[in-house]
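**Q** Sequence:
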Amino acid sequence: MRWLPFLLLFSGGFLSAQVCNLAAFPKDQDTPEMMFNTSEVMPLLLIKTKNSGADYRKQAEQQMLHFIYSNLRYPPISRSNCISGTIVVSFTITAEGLIDPASITCVRDIGGGFGDEGKRLIQLMADLGWQWVPATQCGKAVPVRFNLPIRIRLE
Numbered sequence: 767m768r769w770l771p772f773l774l775l776f777s778g779g780f781l782s783a784q785v786c787n788l789a790a791f792p793k794d795q796d797t798p799e800m801m802f803n804t805s806e807v808m809p810l811l812l813i814k815t816k817n818s819g820a821d822y823r824k825q826a827e828q829q830m831l832h833f834i835y836s837n838l839r840y841p842p843i844s845r846s847n848c849i850s851g852t853i854v855v856s857f858t859i860t861a862e863g864l865i866d867p868a869s870i871t872c873v874r875d876i877g878g879g880f881g882d883e884g885k886r887l888i889q890l891m892a893d894l895g896w897q898w899v900p901a902t903q904c905g906k907a908v909p910v911r912f913n914l915p916i917r918i919r920l921e
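Mapping of the sequence shown onto my numbering: residues 767 to 921, in sequence order.
The hints are simulated quantities; they were obtained by calculation from the structure and are not laboratory data. The hints are all genuine.
Straight-line C-alpha distance at most 16 angstroms; calculated EDC-like pairs for lysine to aspartate or glutamate:
1. 906 - 862
2. 885 - 866
3. 885 - 875
4. 814 - 827
Listed next, with one range per pair, are the computed distances between beta-carbon atoms:
5. 895 - 846: 27 to 37 angstroms
6. 871 - 808: 16 to 26 angstroms
7. 846 - 866: 27 to 37 angstroms
Every residue, glycine too, gets a C-beta built ideally from N, C-alpha and C.
Taking the hints into account, I'd like the entire structure generated from these sequences.
**A** Set out below in structure tokens:
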């Protein structure tokens, strides 16, 4: 019986706090679109094939790597210095499945002009209008940051 006033006081404060929180954030308010670093389903390059599932993902990755390595230009300064390693180019794939050209950055560079070359390759993909299957979160297409490692090796 001694705890009843405290219980009522506590529960009344909790309920009023919930009402205030709900009133502060109405449901029909437009919220800015969130950017994801990972999602439930990550984006995938859209290719024409009859296969599905794991085969599709593997073929899409192979097609992207084929494009990158067939268009890669080894900078002359890097060739003379025998520079090799792995760069990482980061870019945003929008909820519509396109590359956002303004978001292309090199987050890991090995020098010798390879960072610029990696950005050029992704910009070329964006200019050609490569379509991606967008990332999804809770069944909804969302923009996601995509990090693409590119291994550079002089042969």
